[in-house]
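Peer 1: Which chain is which? The protein sequence lines are A and B, in order.
Taken in order, the first sequence gives residues 1 to 428; the numbers are from our numbering.
Taken in order, the second sequence gives residues 1 to 245; the numbers are from our numbering.
Hints in this document: simulated from the structure, not taken from any laboratory.
Hints may be right or wrong, so weigh each one.
To be verified - Once the Cα atoms are required to be at most 25 Å apart in a straight line, the calculated PhoX-like pairs of lysine-lysine come out as:
| no. | chain 1 | residue 1 | chain 2 | residue 2 |
| --- | --- | --- | --- | --- |
| 1 | A | K205 | A | K325 |
| 2 | B | K105 | A | K261 |
| 3 | B | K79 | B | K60 |
| 4 | B | K88 | B | K121 |
| 5 | B | K199 | A | K325 |
| 6 | A | K261 | A | K80 |
| 7 | A | K261 | B | K60 |
| 8 | B | K106 | B | K60 |
| 9 | A | K254 | B | K106 |
| 10 | B | K155 | B | K185 |
| 11 | B | K106 | A | K325 |
| 12 | B | K121 | A | K261 |
| 13 | B | K72 | A | K205 |
| 14 | B | K203 | A | K325 |
| 15 | B | K199 | B | K166 |
Since this is a predicted model, take the numbers as computed values, not measurements.
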Amino acid sequence: MYDDIFNLQKRVKPGRPFSVHTKSGLCVLCRGTKMLCGKTSCPVVLRYHQNMRVAPLIDTLNLEGSSPPSVFVGRVGYPKVSIGPLIPPVHGDTSILDTPEKWVGKSMNEIVAMRSQLVRGKYSVRVDQVENGGRLVDIVREIAMAKNPAEVDATLFKKPRGGLVLSDAVQPHGPSAPLKSLSVDGLKIDRRIDKAYSDTDLFAKDAVLTLYQNDVSVTRIQRAFSVGSFGLGDNRKFVPTRWSITAVDDTISKHMVERVKDYPWINEYRVYESWSLDNRFIVLMIPAAWSYELVEAWYPNTTWNPDGEEVAIFSSSEGYGGRSKYAEIGGCYYAARLATSEHLEREKRQASIVILREAHPGYIMPVGVWNVRENVREAVRKAPRRFNTMSEALGYVQTRLDIPLSTWVANSWMLRQRLFQRRLDDFT
Amino acid sequence: MQLKSTQIEQLTKVFETIVNLVDEVTLKVEPEGISIRAMDPAHVALVDFEMKKEAFDEYKLEEPVELTVDLKTVVNVLKRVEQELVIKLKEGENVLVILSEGAVKKRFNIPLIESAEESLKIPGIEFETVVELDSSLFKNAIADTSIIGDYATVKVEGDALFFSSKSDENVVEIRIDKENCISFKKNDAKSHFSLEYLKDMAKVADIKTLNKAKLSLGNDLPLRLEFEGDYTRLLFFLAPRVEAD
């Protein structure tokens, strides 16, 4: 076995990126016809079509529709932020529009089509004006705590403007407009969330964990979290949507990890996988004490490597003791930690986890960290491939990914640790 | 059971070193003294600590006990103890009592936890190469090498002990000649070790009573690193890396 490792080691050239050849973006020459940029569909055209389709429906100062329910809390200007509901110009059961838990398998076009019709109403408040912000603020909170689509009638100061708004962390949404007034009808509050909201002696952390244990979806917890529904009475604040997503992922997964550490190790090496939106996710579980790493490889012309000519690889990791600094690669780290630790907790097993992600050129725009959370959940829901040795597991991983194993090893703390660090058990 | 000591700093620092490796430990209190043996969750490092009863000002023990505790809490408590430390067990309850005697009297109750650890064996390796040196020399060598890389190559070649590391084009080599060591049982040996672990272990050098470090080496074998004082012994085993040059 060690011969293999040494051979592998020789091929590893740390710091040298793996290169693929694609042309840089030349939108003016291409105009959506020739795919010169190397992406598999044109993001400019995709956004244009969506805007054209939605535009006539929202060219109004009085927007009515069924909010999925959904709210957005901005981060610009913190501690004074814009809060408000996301409202599509349609009526009926719109819940799918803000339920990322059900989006795995949807195409980029479908996701853009769903999200671009959501108009963001904006109302400016101080983050601590959770309770005394007036009627409009109260309605926004009720929408965030609802369990069903709510009929929302919004009067706007201006017509909605702007196109599809993208972010690495948050799912995209459509144009936005300043809110004048808001009314809501047919809204039912989730009782479990209402209970946590009413308890002003309950820490936010405990509220999140209790709700999660009572099967409230992560998205719903996060939505209520963002409008300051939890925590000690005086401490409640609005939390920008992107921060609240990571706060909830982090809180739940930290708790799961502590439980997982008490369980016996898995008995074999496992490889799980999920393919979606031209992203490939490989989850490798190693029979060892808890530790975790997410390694992401971005191909040129993907979201976070727009101008590169080479694949860019980033990673964040933690050992048994966890980490104290925010993960370098951002919110997706915590989203995937939630997906894997909840799986181990369900199985009552412990493992070391390495997630390898290849973001291929078809991943033309960011859709939010749900993509990572739900794809890793999807991966571990399915039966894994099982192996007796690390070499066999890695051999299989290589058949599922395009980037050479040596490059993954050079960029992965955990793979290097497993391959090159011996254990005392080997000597007794 | 009642143990008393005024040398609080030493015990605190020893525990601080161990807490870098493991969260929970089982402290054995036996007629000859106290001891801890623990392995880190990754099974890369093992620590074996002994403190003889002579190191205590008072050592009263009715029967041997095993106390499993959250070591971080114990370390934090020890840091707040002044002048004289008293360790007791609360009658009939699984609670460790730590008292600080002095002008101000402090009392800390720490619940014992259920022990999950099975007994650990010390690797039975015969080492041909053993070098004893001032622990500050060892600590400095580790500090120097960790500026450059993530792992260190430790070797004995001819009449000198070498510590080296590299990353990209950066290279560091520390050479300590035989004359500067306390004892030198030579036989060429070379192994690679994670500096993350070595750095934590080297902190022991700050404990005044443990000023000698004894390194036992082999070729791609674990490192046996022993610090010994009058009544105290701290022993580490660290598994090697198989990193190629």
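Peer 1: Going through the earlier hints one by one, which of them does the structure break, listed in rising order?
Peer 2: 2, 4, 6, 7, 9 and 11
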